[in-house]
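Asks: Here's the letter readout for the chains.
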Amino acid sequence: MRQSLTIDRTTSGRKHVAEGAIKLLLLASAAIAVLVTVGIVFSLIVESVRFFSEVSVFDFLFGMEWNPQTAMRSDQVGSSGAFGAVPLFVGTFLISLLALSVACPFGVFSAIYLAEYAGERRRAIIKPILEIIAGVPTVVYGFFAALVIAPALRGFGATIGLDVASESALAAGLVMGVMIIPLISSISDDVITAVPSTLREGSLGLGATESETIRRVVLPAALPGIAGGIMLAASRAIGETMIVVMAAGLTANLTFNPLEAVTTVTVQIVMLLTGDQEFDSAKTLAAFALGLALFIITLILNIGGNWVVNRNREVYD
Amino acid sequence: MTDHPLSKAALPGLAARYRAESRFKNYGKIAVIFSLAFLSFLIVGIGFKGVGAFVKTEVRLEVSQELIAEYGDDSFTLLRKTVLYNFPDAKGRSGRKAAYNMVAAGAEETLAEKLSMMEGSPSKFDLWLPTSDDVDIARKDGLTEEVLNRFPEVQRAWLISLDKQERFRTRFNVGFLTNGDSRDAERAGIGGALMGSIFTLLVCLVFSFTIGILAAIYLEEFAPKNKFTTFLEININNLATVPSIIFGLLGLAVFLNVFGMPRSSSLAGGMVLALMTLPTIIISSRVSLQAVPPSIKEAALGIGASHVQAVFHHALPLALPGMLTGTILGMSRALGETAPLMMIGMVAFIADAPTSFTDPASALPVQVFLWSDSPERAFAEKTAGAILVLLVFLVLMNLTAIILRKRLEKKW
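Top to bottom, those sequences are chains A and B. Just so you know, the numbering used here puts 112 at position 112 of the first sequence, and the rest follows in order with no gaps. Just so you know, the numbering used here puts 151 at position 151 of the second sequence, and the rest follows in order with no gaps.
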């Protein structure tokens with residue numbers, strides 16, 4: 001009896017050590033997620049600081065010309081290149097705006113239809129199909145935009161006498177807009193369904209039609225949440241890479257005309273890093289500075305969007 | 001006599017309000033139909049364009065024993081002589097070149113293979129050889145006047161006569177699925193990219209599945225409620241929305257430049273994708289752990305199991321199907337991801353399939369990107385074909401996830 005008890009104690013002691021080790025392993029795994037964030041922030045900042053020792057922050061943020069040429073020889077004329085990122089920011093903004101102007105109306109109206117009008121069965125069929133749109137790889141959309149949409153827009157422009165660039169911002173923006181429809185519609189759907197039915201019933205009881213109820217009661221109540229969803233969608237659009245790499249332009253062009261070719265931050269990161277070059281040139285370091293800008297902008301949009309969506313959810317809980 | 005208070009006359013504008021109602025409802029329908037129409041347009045369009053990549057055109061040529069006797073040990077010269085033998089009106093340099101351009105680059109391999117397998121020596125025999133991509137595309141487009149005008153005069157006549165003599169046939173293009181990348185469209189295949197994607201996803205799976213599940217167990221079962229835990233959670237949720245290209249930059253700066261991993265390797269690519277899918281897997285794994293009723297764990301604890309035992313022996317097995325579903329969905333996202341792989345150099349032209357995790361590799365979506373850039377018409381077909389293969393894999397993975405969820409789902 002006594003013997004068995006002592007054996008028990010030693011095994012349980014060993015078990016204790018093993019369990020401690022397991023718990024430590026679990027903690028370490030969770031900490032890797034933090035390590036990734038630290039790695040992202042650290043590597044972006046370190047390389048950006050090296051870039052900004054060669055090009056001033058002011059020139060980068062407010063410069064109007066983007067022409068990242070590094071010279072073969074140091075005595076070459078114009079060896080420094082121009083690293084003014086304003087044309088890239090404008091291009092990114094323009095394409096994202098085009099994408100949102102497609103995705104917002106279609107996304108919100110889809111959500112209204114699904115949440116308020118469609119019956120259970122239709123909803124169960126349509127929702128997963130909409131999700132497929134979000135699941136198609138972006139390289140496929142890029143191919144589609146470059147091969148089908150861009151030539152079609154160009155042809156259409158020619159028939160009505162408009163000169164549309166073959167890599168117009170419009171083609172990339174339209175296709176990107178379709179890609180983010182499901183994102184907006186699923187968040188809006190959640191927010192609209194979360195509006196308490198008592199509000200709806202009150203309005204209907206007073207004699208309003210369904211659409212009047214939606215427009216005057218449901219949508220105003222859901223608007224903050226929908227706005228949050230749009231912020232998250234904007235962040236997706238700004239960070240999207242493949243569609244713009246394949247369908248938008250490669251050279252920087254400071255314009256707000258959607259029919260012309262513009263380039264974006266992500267396109268330039270890809271352009272700067274996919275050639276064969278030394279890692280230390282200003283050209284490759286510039287990609288990290290652009291990456292840092294992209295990271296900060298999308299982070300702000302994401303945190304803001306999530307905050308708005310969650311706050312709106314709590315109001316009615 | 002007065003109108004009834006609810007009659008149309010007493011409610012002016014009611015008809016207009018009803019019209020507004022149906023208009024509003026139609027906006028919603030139109031929005032949904034637009035999305036569905038776009039999706040079907042996309043899939044059908046790419047499907048039509050890509051189906052051709054899976055078949056190839058072959059042409060029947062006559063091989064004579066005299067030529068074999070003379071050039072038998074040099075299949076390349078033998079092929080050229082055979083082509084000229086079949087197109088006797090190919091005169092001059094340009095004529096000969098036009099004749100050579102009828103068959104695919106690499107057709108001599110088919111010829112050599114046939115010769116090595118042949119028994120006896122007939123004075124002449126027929127052989128089906130793959131055609132060049134130009135001829136292949138022209139035949140798929142239909143040999144109309146407009147299509148024929150793409151060819152020089154002499155080839156036009158050959159195409160018409162070969163077609164009349166039924167010396168063309170269509171065969172399944174095995175090479176498209178097994179070959180590596182090539183500068184020649186008729187030889188280019190997705191085999192190498194497919195292997196690269198498999199290697200990359202394997203690396204991604206090993207890292208993201210183990211780390212993701214362990215992290216989820218910690219956060220759900222062991223983490224104390226304190227500021228550090230809250231910080232961890234916010235952190236993971238934000239990581240899930242970081243643009244994928246940023247993960248590529250991280251991979252380039254840390255995996256390649258600090259750890260010195262081989263450039264373009266599936267090891268580096270898989271690890272970058274693992275970091276990217278990690279948040280998705282952690283979040284979905286936590287949800288499936290939450291779904292396990294606490295009573296099961298409490299029962300285990302009640303009969304003397306330790307906390308670790310209760311979680312690993314009882315909660316984890318029940319949550320595992322849900323975790324697998326989440327992991328498969330994460331993997332399907334990783335399979336379609338292109339931008340981060342480009343950052344670590346997986347965009348190079350790589351002809352051979354990788355044989356180890358450190359070999360330079362390509363991946364399916366990257367191959368799509370590379371081919372989409374080629375001006376040759378044949379590559380547009382290949383691109384669409386590669387997209388179809390990619391979509392088939394995505395559908396299979398998602399179906400597996402859905403079936404797994406349905407089959408293993410437990411209602412408590």
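No lab work stands behind these hints: they were computed from the structure. Do not take every clue at face value.
[Stated by the list, open to error] So, partial list: chain A residues that the calculated Cβ filter (under 7 Å) puts toward chain B: (1) Glu-19; (2) Ala-21; (3) Leu-26; (4) Tyr-113; (5) Val-178; (6) Thr-241.
[Unchecked claim] With a straight-line cut-off of 20 Å between C-alpha atoms, the simulated SDA-like cross-links for lysine to any residue are: (7) Lys-29/B with Pro-128/A; (8) Lys-227/B with Val-34/A; (9) Lys-23/A with Ala-300/B; (10) Lys-127/A with Val-51/B; (11) Lys-127/A with Leu-399/B; (12) Lys-25/B with Leu-219/A; (13) Lys-127/A with Phe-41/B; (14) Lys-29/B with Glu-212/A; (15) Lys-23/A with Ser-123/B; (16) Lys-25/B with Leu-147/A; (17) Lys-227/B with Ala-28/A; (18) Lys-127/A with Thr-400/B; (19) Lys-406/B with Arg-123/A; (20) Lys-127/A with Met-397/B; (21) Lys-283/A with Val-254/B; (22) Lys-29/B with Lys-283/A; (23) Lys-127/A with Asn-398/B; (24) Lys-127/A with Val-395/B; (25) Lys-140/B with Ser-101/A; (26) Lys-225/B with Ile-132/A; (27) Lys-29/B with Arg-123/A; (28) Lys-23/A with Ile-211/B; (29) Lys-127/A with Ile-402/B; (30) Lys-29/B with Val-34/A; (31) Lys-25/B with Gly-157/A; (32) Lys-23/A with Lys-227/B; (33) Lys-29/B with Asp-190/A; (34) Lys-29/B with Lys-23/A; (35) Lys-25/B with Ala-28/A; (36) Lys-127/A with Lys-140/B; (37) Lys-29/B with Glu-116/A.
[Stated by the list, open to error] Listing some non-contacts, in silico: residues in chain B with all C-beta distances to chain A over 12 Å: (38) Arg-23; (39) Phe-54; (40) Leu-78.
The beta-carbon is built from N, C-alpha and C at its ideal position, and this holds for glycine as well.
Asks: All hints are to be evaluated individually against the structure, with a verdict given for each.
Replies: Checked hints:
Here the hint on Glu-19/A is kept, as its CB sits about 4 Å from the closest CB of chain B, short of 7 Å. Interface restraint check for Ala-21/A: the shortest CB-CB distance to chain B comes to about 10 Å, outside 7 Å, so the restraint is violated. For Leu-26/A, the interface hint holds, the least distance from its beta-carbon to any beta-carbon of chain B being 4 Å, beneath 7 Å. Taken as an interface hint, Tyr-113/A checks out: its beta carbon lies about 3 Å from the nearest beta carbon of chain B, inside 7 Å.
Given hint, Val-178/A at the interface with chain B, holds; its Cβ is 5 Å from that chain's nearest Cβ, closer than 7 Å. The beta carbon of Thr-241/A comes within 4 Å of a beta carbon in chain B, closer than 7 Å, and the hint placing it at the interface holds. Distance hint between Lys-29/B and Pro-128/A is fulfilled; the C-alpha atoms sit about 16 Å from each other, no more than 20 Å. A distance of roughly 14 Å separates the Cα atoms of Lys-227/B and Val-34/A; the hinted pair therefore holds under the 20 Å criterion.
Between the alpha carbons of Lys-23/A and Ala-300/B the distance comes to roughly 18 Å, so the proposed pair stays at or under 20 Å and holds. For the suggested pair Lys-127/A and Val-51/B, the alpha carbons sit about 29 Å apart, so the restraint of at most 20 Å is broken. Pair hint Lys-127/A plus Leu-399/B holds up; C-alpha atoms about 16 Å apart against a cutoff of 20 Å. As the CA atoms of Lys-25/B and Leu-219/A are separated by approximately 14 Å, the hinted pair is consistent with the 20 Å bound.
A hinted pair counts as satisfied when its Cα atoms are at most 20 Å apart, and Lys-127/A with Phe-41/B qualifies at roughly 18 Å. Taken as a hint, the Lys-29/B and Glu-212/A pair is honoured in the structure, with Cα atoms around 17 Å apart against an allowance of 20 Å. Under the criterion of a C-alpha separation no larger than 20 Å, the hint pairing Lys-23/A with Ser-123/B is inconsistent with the structure, at around 79 Å. Taking the CA atoms of Lys-25/B and Leu-147/A, the gap is about 34 Å. The hint is violated against a cut of 20 Å.
In summary, the hint linking Lys-227/B to Ala-28/A is supported, as the alpha carbons are separated by about 17 Å, within the 20 Å threshold. The suggested pairing of Lys-127/A with Thr-400/B holds, with an alpha-carbon distance near 19 Å, which does not exceed 20 Å. For the suggested pair Lys-406/B and Arg-123/A, the alpha carbons sit about 19 Å apart, so the restraint of at most 20 Å is met. With a C-alpha separation of about 19 Å, the suggested pair Lys-127/A and Met-397/B falls inside the 20 Å cut-off, and the hint holds.
Our distance criterion of 20 Å between C-alpha atoms is met by Lys-283/A and Val-254/B, whose separation comes to about 18 Å. With a CA separation close to 49 Å, the supplied pair Lys-29/B and Lys-283/A exceeds the 20 Å bound. The suggested pairing of Lys-127/A with Asn-398/B holds, with an alpha-carbon distance near 15 Å, which does not exceed 20 Å. Note on Lys-127/A and Val-395/B: the hinted pairing holds, with a Cα-Cα distance of about 16 Å set against a maximum of 20 Å.
The straight-line distance between the Cα atoms of Lys-140/B and Ser-101/A is roughly 40 Å, outside the 20 Å bound, and the hint therefore fails. Pair hint Lys-225/B plus Ile-132/A does not hold up; C-alpha atoms about 37 Å apart against a cutoff of 20 Å. With a C-alpha separation of about 12 Å, the suggested pair Lys-29/B and Arg-123/A falls inside the 20 Å cut-off, and the hint holds. Taking the CA atoms of Lys-23/A and Ile-211/B, the gap is near 13 Å; set against the 20 Å cutoff, the hint holds.
At most 20 Å may separate the alpha-carbon atoms for a hinted pair to count; Lys-127/A and Ile-402/B meet this at roughly 15 Å. Simply put, Lys-29/B and Val-34/A have alpha-carbon atoms about 44 Å apart, too far for the 20 Å limit, and the pair is violated. Straight-line distance between C-alpha atoms of Lys-25/B and Gly-157/A comes to about 32 Å, which puts the hinted pair past the 20 Å bound. Of the supplied pair hints, the one linking Lys-23/A and Lys-227/B holds, its CA atoms being roughly 19 Å apart against a limit of 20 Å.
Taken as a hint, the Lys-29/B and Asp-190/A pair is honoured in the structure, with Cα atoms around 18 Å apart against an allowance of 20 Å. A distance of roughly 52 Å separates the Cα atoms of Lys-29/B and Lys-23/A; the hinted pair therefore is violated under the 20 Å criterion. In summary, the hint linking Lys-25/B to Ala-28/A is not supported, as the alpha carbons are separated by about 52 Å, beyond the 20 Å threshold. Distance hint between Lys-127/A and Lys-140/B is unfulfilled; the C-alpha atoms sit about 38 Å from each other, more than 20 Å.
About 12 Å separates the Cα atoms of Lys-29/B and Glu-116/A, which keeps this hinted pair within 20 Å; it holds. The claim that Arg-23/B lies off the interface is violated: its Cβ sits roughly 8 Å from the closest Cβ of chain A, which falls inside the 12 Å cut-off. Every CB of chain A is more than 12 Å from the CB of Phe-54/B (nearest about 17 Å), matching its label as outside the interface. No Cβ of chain A approaches the Cβ of Leu-78/B within 12 Å, the least distance being about 39 Å, so the stated non-interface status holds.
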